[in-house]
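Visitor: Starting from the known structure of chain F, fit chain A onto it as the hints suggest.
Residue numbers (our numbering), protein chains in the order written: chain F, 156 to 647; chain A, 156 to 647.
No lab work stands behind these hints: they were computed from the structure. Predicted model, so just to flag it, every value in this text is computed and none were measured. Misleading hints may appear alongside valid ones.
Repeated chains share a single entry, so a pair holds when one copy, or any two copies, can fit it.
The calculated lysine-lysine pairs, modelled on DSBU-like cross-linking and capped at a C-alpha distance of 35 Å, are [to be verified]:
(1) Lys255 - Lys609
(2) Lys505 - Lys391
(3) Lys179 - Lys290
(4) Lys505 - Lys609
(5) Lys179 - Lys466
There are 2 protein chains.
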Amino acid sequence: MAELKDLTKRSENYSQWYNELVVKADLAEQSAVRGCMVIKPYGYAIWEKMQRYLDDMFKATGHVNAYFPLLIPKSFLSREAEHVEGFAKECAVVTHHRLKNSPDGKGVVVDPEARLEEELIIRPTSETIIWNTYKNWIHSYRDLPILCNQWANVMRWEMRTRLFLRTAEFLWQEGHTAHATRQEAEEEAIRMLNVYSDFAEKYMAVPVVKGIKSANERFAGALETYTIEAMMQDGKALQSGTSHFLGQNFAKAFDVQFINKENKTEYVWATSWGVSTRLMGALIMTHSDDNGLVLPPTLAPIQVVIIPIYKNEEQLQKISEKIDPIINELKKMGISVKFDNADNKRPGFKFADYELKGVPVRLAIGCRDLENNTVEVMRRDTLEKQTVTFDGIEQFIQNLLNEIQENIYQKALSLRQSMTREVDTYEEFKVEIEKGGFLLCHWDGTPETEERIKEETKATIRCIPLDGDKTPGKCMVTGKPSAQRVLFARSY
Amino acid sequence: MAELKDLTKRSENYSQWYNELVVKADLAEQSAVRGCMVIKPYGYAIWEKMQRYLDDMFKATGHVNAYFPLLIPKSFLSREAEHVEGFAKECAVVTHHRLKNSPDGKGVVVDPEARLEEELIIRPTSETIIWNTYKNWIHSYRDLPILCNQWANVMRWEMRTRLFLRTAEFLWQEGHTAHATRQEAEEEAIRMLNVYSDFAEKYMAVPVVKGIKSANERFAGALETYTIEAMMQDGKALQSGTSHFLGQNFAKAFDVQFINKENKTEYVWATSWGVSTRLMGALIMTHSDDNGLVLPPTLAPIQVVIIPIYKNEEQLQKISEKIDPIINELKKMGISVKFDNADNKRPGFKFADYELKGVPVRLAIGCRDLENNTVEVMRRDTLEKQTVTFDGIEQFIQNLLNEIQENIYQKALSLRQSMTREVDTYEEFKVEIEKGGFLLCHWDGTPETEERIKEETKATIRCIPLDGDKTPGKCMVTGKPSAQRVLFARSY
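Extracted from the complex, chain F is given alone in its bound form (with noise of 0.2 Å):
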């Protein structure tokens, strides 16, 4: 079991306090196989819970689930040029289909003979599998729009890997849909990138920004590229969902055309949209503090866990009388509660476990609460605890974890808020970048100059923000006219 103390604070070591946390609590571990993870059960009830309730967004929008293969031939990748050059390189080959027993008697080998003609390639995304397929699925505009999702794992061989933020394997949903018109493909686009900062911000309680890549950071094969990017409590910047728009690119590629109204033969207009166990990342690194997790309640596996305090069988046989009602009303209301009577383990080694999990509401009752008619609460988020009446408690557990929710995410915006910052001149941003945060600042524009801010403070521009200050300007570091303000910071 976790020992709460060995906790690293955020304080002392930010990135370690976090790989300890993902570790102990849980989520995730490192498994045999280089970059690989094991999502813990109870890291993947969480993402579970993000599953479905994105997956409920996606048809609320009119969108259906589909399954293409993992395994991608080789020659695909070549086909959309720049495609190839943003994915192709660091994936895992497949290059034989046959193991045999090894001469010496000791396990087994590659049987040289069952060599494939033509590599395979593990999916890094599925574009060029799934627009090879569409090719037969499009004649007509009646056959558009397709509006497919795909829940799958995809793999891209990373040299450096942390739990849920960047490893070789890792699960995500793409959306990959296929348009009769450029303004439906734009429109649809967006619309999933609205979808994506409605589920950080009313589920996981996450603010995010709205906006734009640039040209650098655009996705490979990409016209345009949609980006929510939140901000970590350290202050660095994490990309959370993008939505690309990605014109005739992938249509052309693989020659997908179709006969438009008019009868006119036309290339089909294209999106992709994707989050990924990334997202576990954000939540564990927007919310929690020195104690452990702190989860927003529309995630958390257990959202209430009750333990009782008692010192022998009849005591816990009373406390139980008195709870199993409040359980069972607390379930008619769609509240998952846990009552945690098991007996090898001590109270406040419960409380900080718990803490530790990120449950939301704490009960804890013991035979003295039986007389007042009383039981403690603590709130995970605040930490606070007070003393409540049973009558009523659980509307009043109800209504607290509403608070809790849009607490931490009052709470995350506050810090957003503090730690964004317009800054005026290359000096300043110079200065100011190393204390974290989001900076505004105007940009000509060019990707030499954002290469430029990149290679001497290590700050990308996130995005060119959708919302807010439209105001032109002049580039911080060249002078040059500047459309408005972007978003810079250092970033996972």
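Guide: Showing chain A alone in chain F's frame:
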């Protein structure tokens, strides 16, 4: 769009009927990667419903979900001697982790410098990587049981593939549990067998025979394999789900020991169990007919389709006004309804298309119906039409859906019963097996006799049934003693 008249009749060529139906009903298709399928949205919607119900059943029996790596180090497969023989041979082998631009400037090639030190195998099943992980999770009896399930893709390099029935990549769930005692593990294996048989019979409306596999047919590494066997309409058996009691084999292979309550060190007891997208094949082949799919209402993505018959916008308007409140009421009852008012297809085309897609109930409504306050209802299982009044139509539909669910189960059960015979001599067996169906026969319990029967008749022992007649007898081949009749059939 698929043309109904093109569908081969079952009596002409059952196998071809199946292959065509899967494609024409938009369930799945072959991909550009040999042996790997694309599961299309309509097929995936059925699989999602299966997943949801199964997942609920797993959770109701105390299981949690987790996720383990896609790739398995080659050496892991050799740890369990039988397992490597059964699984390590025909599989996808990852040998490199990078591509580079081809020297001739055309496309990409495998970078020979990016060869992995140890090859990685795409999981054909996950016992090895999971038990290697469990080693770190299990120390004391307090850490047990572990009741994990994983929803995942797996890959087995099959030579001959058929959509859903046998594909190189398929989707499945695999449960992997760890227990402190032999008895607990054995009980778990049987518990999950019962979950599978309940799911097959109640949700899929597919009757199954529960039983034990003979040693020849056992899972590689198991002490006992339990199975559910279904009969397809052509009389062949389809193994639809298996649950394995693994004893301590994997615990020994990966050195997973724990301190038991008596403070002694002991190896952990294990089970594993799985069902896959193969269930889609069982579903299709059990119920469907020469007009297309027949789906059980519980798993049908669309349970009721409503088709308006109209000549002009005004008529459609009137029909919509009548139908809208009914649709709302049905949705409130949890029934999925589609009102197909698309004006680019004729009603006759729609009728055939929804028949092909297996929608359980079809309502057709025209202007005369409005005058008469009636609607034409067709049930897909029997193709019977009746004209019913709108009064109480919602409850009528609910009852009809229940009736269809029950009827297709009973129909499949009757067929199986009529095609299940007791056979007492090997001469008779050779004649009867040509007629298809299930044959209950005495067998001496030896692999040699089983092997001989398989070679001479292509029939295998599907299982030693758990329920039914347990009278001993004499082996139909050797005359040696037999403990009970066992189930023979040819199979998919």
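Visitor: Now look at each hint and say whether the structure bears it out.
Guide: Evaluated hints:
no. : hint            : verdict
1   : Lys255 - Lys609 : between (50 Å within a copy, 26 Å between copies)
2   : Lys505 - Lys391 : within (33 Å within a copy, 55 Å between copies)
3   : Lys179 - Lys290 : between (48 Å within a copy, 17 Å between copies)
4   : Lys505 - Lys609 : neither (46 Å within a copy, 58 Å between copies)
5   : Lys179 - Lys466 : within (29 Å within a copy, 67 Å between copies)
The earlier numbered hint that this structure contradicts is number 4, and it is the only one.
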